[in-house]
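*Asks:* Listed below, chain by chain, are the residues.
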Amino acid sequence: MGMTEERGEKAEEGLERILGNSILLTKLDAIIDWGRKYSFFLYPFVTACCGMEFMSLAGPRYDLDRFGSALPRFSPRQADLLMVVGTISHKQAPILVKIYNQMTEPKWVFSFGVCTTSGGFYDNYATVLGIDTLIPVDVYVPGCPPRPEMVIDGLLLLQKKVMREKWSDWPRGPAPVTKK
Amino acid sequence: MIADLIEAVAKILFIFGVNMGFFAPVLGWVERKQSAVMQDRVGANRADIFGFTLIGLLHPVADTIKLLTKEDFIPAGANKLFHTLAPFITLTPALIAFSVIPFGGQYEIYGHTINLVIADLDVGILFIFAFASLSIYGVVLGGWSSNNNWSFLGAMRASAQMLSYEVAMGLAIIGVIMVYGSLRLTDIGAMQENFFKWGIFLQPIGFILFIACATAENKRIPFDIPEAETEIVAGYFTEYSSMKFIMFWMAEFLEMITIAGIITTLFLGAWHIPFISSKMLLSLFSFAGANGATILVMLTNIATFFTKIIFMIWFQMTIRWTLPRFRYDQMMKLGWKILLPLSLINIFITGLVLLL
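Note that the protein sequences, when read in sequence, are chains Z and A.
Note that our numbering gives residue 69 to position 69 of the first sequence, counting from 1, and the numbers run on in steps of one.
Note that our numbering gives residue 54 to position 54 of the second sequence, counting from 1, and the numbers run on in steps of one.
If you're looking for bench data, these hints aren't it; they were derived computationally from the structure.
Some hints could be false.
[Said to hold, decoys possible] Pairwise CB distance ranges, derived in the manner of DEER restraints: (1) A:L323 - Z:T133: 22 to 32 Å; (2) Z:K91 - A:S35: 27 to 37 Å; (3) A:D40 - Z:D153: 35 to 45 Å; (4) Z:M55 - A:T322: 12 to 22 Å; (5) A:F195 - Z:A30: 22 to 32 Å; (6) A:F50 - Z:N124: 43 to 53 Å; (7) Z:A30 - A:W314: 42 to 52 Å; (8) Z:F121 - A:I55: 39 to 49 Å; (9) A:S35 - Z:A30: 26 to 36 Å; (10) Z:K91 - A:N147: 21 to 31 Å; (11) Z:P94 - A:W314: 44 to 54 Å; (12) A:S35 - Z:G143: 25 to 35 Å.
Here the structure is a predicted model, which means the values were calculated and not measured.
Beta carbons: idealized from backbone N, C-alpha and C, even for Gly.
So that you can see chain Z by itself, here it is in the shape it has in the complex (with noise of 0.2 Å):
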């Protein structure tokens, strides 16, 4: 994590912040995003029922491969889109932050189903009560479950992000921790 953090500090304090959006990066940026936004390799990290949901929305019908992020890398290192399905327990919680953390840049996090957005209904002490209290989140696509029309929404939605983000974007800050 060291090296990219200094290459991230460096990034932004060098070329592109004076240069700002000039023609060469400008469309460098957009190939590479261009690039980005069709070739998720998605991690499912899937926990609860949501699961059920993923599998249609990666089969025949929806066909998440449509948009060149059905590629499945159950090694963090390889993934890009970090799916998270389904309720996150506070026990469950160290294990999605190291997950992340051990994803290299750039990567994104998709928040699907109610659960991962707002703890939903488990208003209680042992669940997490969104995920986005432990990683930075891009996309939130609440529902129980959503149905797999939303998620491909979330999914162009997220693909428009991507496309507006710059090189020296990367990486997203420091690596969120887990409080004992």
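Given chain Z, work out where chain A should sit, using these hints.
*Replies:* Same frame as chain Z, but now just chain A:
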């Protein structure tokens, strides 16, 4: 002398271009589309440049751009040198092995003999086996140097599997060598001009054994135990990210092309079209003059060869998306208790038939 040099460089560029420039990226797309077709899906089709999607052919481009700009990760406690070296050691043998496979016969054009193979070695098959064995080193080094339990397990499995199946693969080929009496792949290819002298008719058991062993050697489903996602995360390349990770996949695709090439050369009549001999082709193209006809025959043969390769790649992809994965002990049993005895029996029967 200069003509020879130009010829050699042209052949190397052609094979390198076809393998690395065409097959390696396009096969990623083919694999996605094939799985999509077999699972009644549409498959990747959204990546566009100015609205042109080209039936999803731009997705490999997007993947490459993303992987090139992704963080290149070396785990703490890993051996940096070997961790970086391993993907290259895996990729290089896969590229080199194709150099002894002939993609056409010998042609005489304007008094210059063209032999359509990069290196016409008289130990062609042995050369391929030597380099197939070398790719084990890349896998084992990658798994060991990652300093990760899953990688290490994957590397152990890979080494055990590849060593076991190499024995049966080598013995499955011996029947073919006995029938054609040569280790030189150009000779074996030239001897299959008659349709009924194709290796698949003379050595049907050898053909099946070789396909099984070659799939295991390439670590593809149903033999993808070294990278079994449900068991050991991603196997020996668990700790690899960005381009190094995809280099392992490119090696897999290149090995697939090489396997298709070996099968085509040994069993499927190399560059010959069934029931059409070179003489018939020459007389068919006689309108173009002596040299022109030879050139046209050469192009036809190259096209035939690559059509057969594409067919064999399609066949391997179909296997990949049809079968489930073997359990580890089942795979070892299959290798040592079924394929190895079968290949020995095959050699025995072949020898008996040749003797009588």
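*Asks:* Is the distance from the Cβ of A30 of chain Z to the Cβ of W314 of chain A consistent with 42 to 52 Å?
*Replies:* Distance hint for A30 of chain Z, W314 of chain A is violated at roughly 36 Å.
*Asks:* Measuring from beta carbon to beta carbon, are M55 of chain Z and T322 of chain A in 12 to 22 Å?
*Replies:* holds (20 Å)
*Asks:* Take the C-beta atom of K91 of chain Z and the C-beta atom of S35 of chain A, compute their distance, and say whether it sits inside 27 to 37 Å.
*Replies:* Since K91 of chain Z and S35 of chain A have Cβ atoms about 36 Å apart, the given range 27 to 37 Å holds.
*Asks:* Is the hinted range of 22 to 32 Å satisfied by the C-beta distance from L323 of chain A to T133 of chain Z?
*Replies:* violated (44 Å)
*Asks:* Is the hinted range of 26 to 36 Å satisfied by the C-beta distance from S35 of chain A to A30 of chain Z?
*Replies:* Hint holds: Cβ distance 30 Å, inside 26 to 36 Å.
*Asks:* Range first: 39 to 49 Å. Now tell me if the beta carbons of F121 of chain Z and I55 of chain A are that far apart.
*Replies:* holds (44 Å)
*Asks:* Against the range 25 to 35 Å, how does the distance between the Cβ atoms of S35 of chain A and G143 of chain Z compare: consistent or not?
*Replies:* holds (28 Å)
*Asks:* Is the hinted range of 44 to 54 Å satisfied by the C-beta distance from P94 of chain Z to W314 of chain A?
*Replies:* Hint holds: Cβ distance 46 Å, inside 44 to 54 Å.
*Asks:* Would you say the C-beta atoms of K91 of chain Z and N147 of chain A sit inside 21 to 31 Å of each other?
*Replies:* holds (27 Å)
*Asks:* Is 35 to 45 Å right for how far apart the beta carbons of D40 of chain A and D153 of chain Z are?
*Replies:* violated (23 Å)
*Asks:* CB of F195 of chain A to CB of A30 of chain Z, is that within 22 to 32 Å?
*Replies:* Violated, since F195 of chain A and A30 of chain Z (Cβ atoms, about 55 Å apart) do not stay within the stated range.
*Asks:* For F50 of chain A and N124 of chain Z, compare the CB-CB distance with the range 43 to 53 Å and indicate the outcome.
*Replies:* holds (52 Å)
Violation of the numbered hints given earlier is confined to hints 1, 3, 5, 7; the remaining hints are satisfied by the structure.
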